[in-house]
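J.: Input sequences plus hints: build the corresponding full structure.
Number of protein chains: 2
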Amino acid sequence: MEVTRQSFKDTLRVIYSAVDDADFLAIDGEFSGLSDGPAVSMLTNGMDTPEERYSKLRKHSMDFLLFQFGLCTFRYDQSRAQYFTKAFNFYIFPKPFSRSSPDIKFICQSSSIEFLASQGFDFNKVFRDGIPYLNQEEESQLREQYEERRSQNNGVGTPSYISPTSCKGPMNIPEEHKDFINRVIEKVEALLNNSEKTVSLEPCSGFQRKLIYQTLNWKFPKGLHIETVENDKKERFIQISKVDEDERRRIEQQKHEREQEELNDAVGFSRIIHAISKSGKLVVGHNMLLDVMHTIHQFYCPLPEELDDFKEVTMCVFPRLLDTKLMASTQPFKELITNTSLAELEKQLKEKPFKAPKVECSEGFQSYDTASEQLHEAGYDAYITGLCFISMANYLGSFLTPPRAHISARSKLIEPFYNKLFLMRVADIPYMNISGPDLQPKRDNVLYVTFPKEWKTSDLYQLFSAFGNIQVSWVDDTSAFVSLSQLEQVQIAVNTSQYAESYRIQTYAEYMQAKQKNTHTHRKWGDDGWAEPPPYRGVAMTAVSAVQDRCTVRGKRSISPTQDTHNSFTTADGNWSDYSNTKRIKKDGALSADDSFAGAAGSKTTDDWLRTAPKGGAASQRPETEAQSEDTWPQSSTNQNQGSQATSSGLFDVPQVW
Amino acid sequence: MEVTRQSFKDTLRVIYSAVDDADFLAIDGEFSGLSDGPAVSMLTNGMDTPEERYSKLRKHSMDFLLFQFGLCTFRYDQSRAQYFTKAFNFYIFPKPFSRSSPDIKFICQSSSIEFLASQGFDFNKVFRDGIPYLNQEEESQLREQYEERRSQNNGVGTPSYISPTSCKGPMNIPEEHKDFINRVIEKVEALLNNSEKTVSLEPCSGFQRKLIYQTLNWKFPKGLHIETVENDKKERFIQISKVDEDERRRIEQQKHEREQEELNDAVGFSRIIHAISKSGKLVVGHNMLLDVMHTIHQFYCPLPEELDDFKEVTMCVFPRLLDTKLMASTQPFKELITNTSLAELEKQLKEKPFKAPKVECSEGFQSYDTASEQLHEAGYDAYITGLCFISMANYLGSFLTPPRAHISARSKLIEPFYNKLFLMRVADIPYMNISGPDLQPKRDNVLYVTFPKEWKTSDLYQLFSAFGNIQVSWVDDTSAFVSLSQLEQVQIAVNTSQYAESYRIQTYAEYMQAKQKNTHTHRKWGDDGWAEPPPYRGVAMTAVSAVQDRCTVRGKRSISPTQDTHNSFTTADGNWSDYSNTKRIKKDGALSADDSFAGAAGSKTTDDWLRTAPKGGAASQRPETEAQSEDTWPQSSTNQNQGSQATSSGLFDVPQVW
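First to last, the protein sequences are chains A and B.
When the letters of the first sequence are read in order and numbered with my numbering, they come out as residues 1 to 658.
When the letters of the second sequence are read in order and numbered with my numbering, they come out as residues 1 to 658.
No wet-lab data here; the hints were simulated from the structure.
Given the structure is predicted, the values throughout are model-derived calculations rather than measurements.
We treat Cβ as the ideally placed atom computed from N, Cα and C, and that holds for glycine.
Misleading hints may appear alongside valid ones.
What the hints assert, rightly or not - Computed spacing ranges between beta-carbons, pair by pair:
#1 B/Thr-198 - A/Glu-510: 46 to 56 Å
#2 A/Ser-118 - B/Thr-198: 25 to 35 Å
#3 A/Glu-510 - B/Thr-457: 56 to 66 Å
#4 A/Glu-176 - B/Lys-515: 23 to 33 Å
#5 A/Asp-21 - B/Ser-367: 54 to 64 Å
#6 A/Gln-239 - B/Asp-77: 48 to 58 Å
#7 B/Lys-187 - A/Thr-478: 35 to 45 Å
#8 A/Thr-370 - B/Lys-347: 55 to 65 Å
#9 A/Ser-485 - B/Asp-232: 33 to 43 Å
#10 B/Asn-172 - A/Glu-335: 31 to 41 Å
T.: What follows is the structure in structure tokens.
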């Protein structure tokens, strides 16, 4: 269903109930561009840390506009053993809603626009019919403005021109306006003495309107209603009506209701995001980091500077996220799926050993035909993302004894994939962990090389030709990371470079040390994976607390990690301070968190899901857990999380944050 | 006529001949926004100097996209005593033309987009069918790239991957690629021994393609044609063909021609601007400063930092400009025209004492109906701008003896309006003089006031309530210019403020002094209005000389103000060093340059065109001049300018720079 500015208000009820009824939601966004600085390939460097990636995307991607938002709700019908879907395709545009509302500027990137144009994207619909929106701060500013005006008013119209320093009494009327004001007074006196109900003054300046308001308020404290109106030419003029007290109150009440409605209209599409957030339901996306960042940035608050603050805001807005690209790149899927791009993934998940899910479009909704692709329409992309999730979730059910054909969106089996957002092109940190600390690979085999800007990849290959297979990840024009295949050659390479003049080689550890010296001290994860109550700074502070306010209203669900919710993030057999040790120990032979995910980017590892699963004895335990939790949706995830730790631990061997 | 990417090439000939045949051209541009920083009202402060205005527009307006360009050519048919028009409406979009071409980012301003959307603007046509373009530097870079590739080539395909440091000989092939390269060699050997003509390799990486090119070039120096081709999935692969020398040369020649055509396609819309520029014809626009800035910035070169450099580039690209808004705001029109907005102006110029011009649309061109407005379509706006110009020019003819109904675009009567671009909202500097120094009003009655950011206009009115009528021009949140009506009160106001704590008052002279201390030293106009050969710096240098190169090719027309053209800018009875003196003397009673134009923004002056004209005895002289010059188009404006000085001097009483 296409939703535009015109149809938005009438569709709201349908959308709200679709979200309420859903088992899970799938989302997708289309943007006016990807990077306003370095090329996208530079923006997604293979050696980025999650902090670096976040900081680059925040800096170079957030000034684009998310102008199409796809939402597809999936409701499972037990009796018919199939899903019913409702797909919405929202067009979004920050139409300035009044003279004083923010006049948003956004960037367009030619290549992105050209790409969308070639896919038949309808820009006219965006710019002519896009639904407006406000973030939290803009919304509350607007509410305050209305309130302030109302309380200042006392029925005297719109004194937005009254400055804080000016007095309310009879004002000093500048000489040159005295005649003008006297004529207005004469007109009002005439009005009061004749049978007319209303008199309209000529259009005049804001300052003159202010003089009129103040003079009339002082001279005629009762019996008048004064209002600023706009004519066809957008000129503002004052209309004065005779009213009794009842009438005046009624007019004020009407005005108040009109303003409330205007305000809701201005909040516009953000209301949909609030509803999704409030539902607390599983939100599925494909390669969704940018979608999540844009959604929060555009409809909630400017993104905080620090990654940890972003994670906290995100958990507040979207308490349960699942990225199908990360899922498809992880055991047991990564061995079966060769191409994790959305279109290819959807195709592969129709073939054995997977099964196309049974899905029907709800009545009154346009059905999408996956045979004739409508890729890059956000509503369609959200729809097939949901299909991919169902296929993969159901596939997990085939490992249960007895196998289950349907795995619910609430199943513990999919919890290991919660809140891990795919990180493009980072081989050894395949995901950003939104609900806990990130993986910290040692990168012992990585060198940081700086060189003249004339150098190309081939020069690096030549430089390292004696060191066997290397991988190059460019940082900028004059530096790159080079990964060696043999650890013992690292020191040799560093030593060699001491005599070089044109280039310089550092170990990754040296590079990180130098870097950290140059940046602010980062907030550290505490023993239990969460830091002490966060010492927020500046903008981040406001942003996070604005969202927290809303979260609190919603019933204290995973609002922010305060002391009493800490436990839910603590594992049974250890805590986060032990993580790096565990990892180092595991490196020598056994499985490690990194290894398990490294395959996502193509390198070979020895583990796979099928072998690890029985090892932990998890598979046999799971059916019961599954059956127990099948139809319960936890109000707080605390208990359930603790119960499932043993399970997921054995299964995926990734940090146990859930 | 609508011109898009698809129809552009086929329409080129029609456009070129329309420009060639025209008596004058009218242009208009539509942009994706106006200001990416301060509100437009701040951008056009009433006390801006031309330097300040230019610098603000350059800083805050140039990142928007000029995405629709209107060009209307006007040809006068003597025998039928009417104009024939050809209107073109170009859609423009910087579609990246290859992988390596610049991926332009541009800003959109919601309010501008919303406004255009409400006027029915077709964004889909811009983004899907917009004509691409390159500026001069991008064009020459591209030409160089092609040339470089050709010369490096010697028939060995596309070695764009060969870095400057790599050798041409047998290359060090990294271990892991050796198998791959050996398999390629086997395939080529098989090709040479079988009856096939061509073999296509599998898609591979850029580095692998480089290895293939170099290896094959070294191993098989003759008899092969190697080419990189793209498949449907946009993957690149190498195609190898057996060829003899003749065939190889033919293929190379074809490739060269294809590349030349590609290059021309990439230059795209800029070719139209080059043609306009080359024609040297009068280019008319309405309130055209932004149009001129955008056109130069987008299709020629990034705008230079200094205003003087901009003027020079502009005179090079558009040697004859005329702004109908400035014309309408000047004597003899300003007394007759109450509203100079384009739509209103067009309406008023149909009524007495003006006359709607006789204009017919050329065959094959869509005719515009001025009764049903299509305002803000660039082609239409250009068309009615041309109509306005004709009406006003013809009106000037009514003052001749005998009166003339038709005044040519080449007439001396309109020369006083050449190259003066309307400056929005600056009362005492109504225009930016592109071909000479700007007016320098003393602003003795102006105060610069700084104050707390809570202050509003009314606070300033209150502060100055003792000083009579004032005018306020906001600079930013905490400062504004305040013009007093009485000069003698200036010092009183300054003195008063010495005891104030919250605000501060400076004279305009003090403000300018402080400002100049903080900026670089500005290039000064010499005695004759032009500086010594300009000492350009950095970017400006490149920009200007790039355009000058093109200008020189066009036959040395007013390229840059060198010594031998200086005279044309010198007045008969004085020169620019005397200007400020003259002005000061004239202040006491007689006419002054500022006074004559101040009326443009509403203040009353004593002079008018009708009275000054006979005074100088100009009107009686003019018919002859007019008749003489009627059908001649001066190759250089030098002589003509000298001849007309006396005339224009008496006529408009503005600085005599032409």
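J.: Any hints from earlier that this structure breaks? Give me their numbers in increasing order, please.
T.: none
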